[in-house]
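S.K.: Here are the chains, one letter per residue:
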Amino acid sequence: MSADPHAAAPHGHGHDGHHDGAPHGSRKGYLVGFALSVLLTAVPFAVVMLNGLATPNTAAAICMSFAIVQIVVHMVFFLHMNTRSEGGWTMMALIFTIIIVVIALTGSLWVMYHMNANMMPDMGMSGGM
Amino acid sequence: MATDTLTLPPGADAPAFWDTDPHEHPSGGSTMLGFWLYLMSDCLIFAMLFAAWGVYGSSYAGGPDPKELFDLKLVAVNTAMLLFSSLTYGFAMIATDEGKKAQAQGWLAATGLFGLCFLAIELYEFSHLIHEGAGPWRSAFLSSFFTLVGTHGLHVTFGLIWLVVLMVQVAQRGLVPENVRRLQCLSLFWHFLDVIWIGVFTFVYLLGVLR
Numbered sequence: 001m002s003a004d005p006h007a008a009a010p011h012g013h014g015h016d017g018h019h020d021g022a023p024h025g026s027r028k029g030y031l032v033g034f035a036l037s038v039l040l041t042a043v044p045f046a047v048v049m050l051n052g053l054a055t056p057n058t059a060a061a062i063c064m065s066f067a068i069v070q071i072v073v074h075m076v077f078f079l080h081m082n083t084r085s086e087g088g089w090t091m092m093a094l095i096f097t098i099i100i101v102v103i104a105l106t107g108s109l110w111v112m113y114h115m116n117a118n119m120m121p122d123m124g125m126s127g128g129m
Numbered sequence: 001m002a003t004d005t006l007t008l009p010p011g012a013d014a015p016a017f018w019d020t021d022p023h024e025h026p027s028g029g030s031t032m033l034g035f036w037l038y039l040m041s042d043c044l045i046f047a048m049l050f051a052a053w054g055v056y057g058s059s060y061a062g063g064p065d066p067k068e069l070f071d072l073k074l075v076a077v078n079t080a081m082l083l084f085s086s087l088t089y090g091f092a093m094i095a096t097d098e099g100k101k102a103q104a105q106g107w108l109a110a111t112g113l114f115g116l117c118f119l120a121i122e123l124y125e126f127s128h129l130i131h132e133g134a135g136p137w138r139s140a141f142l143s144s145f146f147t148l149v150g151t152h153g154l155h156v157t158f159g160l161i162w163l164v165v166l167m168v169q170v171a172q173r174g175l176v177p178e179n180v181r182r183l184q185c186l187s188l189f190w191h192f193l194d195v196i197w198i199g200v201f202t203f204v205y206l207l208g209v210l211r
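Respectively, the protein sequence lines represent chains A and B. Residue numbering for the first sequence follows the UniProt record's numbering, starting at 1 and increasing by one per position. Residue numbering for the second sequence follows the UniProt record's numbering, starting at 1 and increasing by one per position.
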C-alpha cells in the first residue's frame with residue numbers, strides 16, 4: 001500500500017539511490033541558505049535605500065544580479081533542486097520552464113518596446129495624458 | 001451521441017478499455033513530480049504577470065510613480081517575514097523527517113505566524129495605497145502592480161489555509177506517510193512563493209524606485 005520511501009520512521013538521510021521525490025535538507029543547509037539569502041537581500045536594499053551609494057544603473061545591475069544569485073540559492077538550499085531527483089525530470093521541467101519564461105519575457109518586452117517606439121506621436125499613447 | 005448507444009446485456013461486465021493488469025504503484029509515488037509540474041505552470045502565470053509589469057510598469061497616466069508610493073522599509077520588513085517563514089518551514093520539515101511531531105507542529109505554527117505577518121503588512125500597504133487614491137484603477141502601472149503583487153499575496157493566503165489544514169491533520173493522525181507527503185508538497189509551494197517574492201521585491205520595488 002503505502003510503500004513511500006520516507007515513511008514517518010526516522011531512517012537517516014542518505015536516500016541517494018531511492019526514487020525519492022523530495023530530497024531532504026539538513027539544519028545546516030537551511031541555515032547556510034538563510035544566511036546567504038539575508039546577505040543577498042540586504043545588499044540590494046542597502047544600495048537602493050542609501051542614496052549615493054551607487055549610480056542608478058549600477059544599483060539596477062547589482063539588484064538584478066543579486067536576485068538571480070538568490071533565486072539559485074533558494075533553488076538549491078530550500079527547494080533542494082538537483083539533477084537526480086525523480087530521475088532528472090524535475091530538472092528537465094525546470095529547464096523547459098526557464099526557456100519558456102525567457103522567450104515570453106524577452107519577447108513581450110521587446111515587441112511592446114518597439115510598438116511604443118514606433119507609435120505615431122499624435123496617437124495619444126506616448127504623450128502624457 | 002455515441003455515448004447513448006452503448007447498451008450492455010444484463011449481467012455482462014462493462015467492457016474495459018483501460019489497462020486492467022494489476023501492477024504496483026506506490027501510493028503517492030508520482031505526487032512530488034506532479035506537484036513540481038504544477039509549480040512550474042504557476043511559474044508561467046507569474047512570468048506573464050511580470051511581463052505585464054515590464055510593459056506597463058512605467059505608464060503612470062499622470063498619476064503617482066513608484067518613488068512617491070513605495071515604502072522600501074515596509075518592503076524590507078515584509079521580505080524578512082517571508083524569509084524567516086522559509087527558514088522555519090525548513091526546520092518543520094527536518095522535525096518531520098525525524099518523526100518529531102510536536103516540534104514539527106511548533107515550527108509550522110511559527111511559519112504560519114510569519115506568513116500572517118507578511119499578509120497583514122501587504123494588506124496594510126494595499127489599503128494605504130488605495131486610501132491615497134492610488135488603487136489599481138489609477139494607471140496601468142498600478143493595475144499591473146496590484147495584479148502581480150496581489151496574485152502573490154493570494155498564493156500566500158492559500159498557502160496559509162493549506163498550512164492550517166495540515167496542522168489539523170497532523171494533530172489528528174500524526175506524521176503518517178500521507179501527511180509527510182502533503183507537508184513536502186506545501187514545503188515546495190512555500191519556498192516557491194519565496195522565490196517569486198525575490199522577483200517581486202527586485203523588479204517591482206527596488207527597480208521601480210530606481211527608475
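Some hints could be false.
Just so you have them, the derived chain B footprint on chain A, three or more residues with Cβ under 8 angstroms [said to hold, decoys possible]:
no.	stretch
1	39-51
2	68-80
3	100-107
Restraint-style ranges between C-beta atoms, simulated for each label pair [to be verified]:
no.	chain 1	residue 1	chain 2	residue 2	range
4	B	V77	A	L31	31 to 41 angstroms
5	B	G174	A	K28	24 to 34 angstroms
6	A	Y113	B	F158	32 to 42 angstroms
Hints in this document: simulated from the structure, not taken from any laboratory. Computed from a prediction, not measured in an experiment: that's the story for all the values here. Cβ atoms here follow ideal geometry from the backbone N, Cα and C, with glycine treated the same way.
S.K.: Within the stretch 100-107 of chain A, is the number of residues with a Cβ closer than 8 angstroms to a Cβ of chain B three or more?
M.R.: It holds: at least three residues are needed, and the stretch 100-107 of chain A offers 4 whose Cβ sits within less than 8 angstroms of chain B.
S.K.: Can you take a look at whether the stretch 68-80 of chain A is actually covered by chain B? Rule is 3+ residues, C-beta closer than 8 angstroms.
M.R.: It holds: at least three residues are needed, and the stretch 68-80 of chain A offers 6 whose Cβ sits within less than 8 angstroms of chain B.
S.K.: Three residues minimum, CB to CB under 8 angstroms: does the stretch 39-51 of chain A make the cut for coverage by chain B? Let me know.
M.R.: Holds: 5 residues of the stretch 39-51 of chain A have a Cβ under 8 angstroms from chain B.
S.K.: Taking the Cβ atom of Y113(A) and the Cβ atom of F158(B), is their distance within the range 32 to 42 angstroms?
M.R.: Roughly 34 angstroms apart at Cβ, these two residues keep to the hinted range, so it holds.
S.K.: 24 to 34 angstroms was suggested as the range; check whether the CB atoms of G174(B) and K28(A) agree with it.
M.R.: holds (27 angstroms)
S.K.: Is the gap between the beta carbons of V77(B) and L31(A) within 31 to 41 angstroms?
M.R.: violated (21 angstroms)
Violated hint: 4 only; the structure is consistent with all others.
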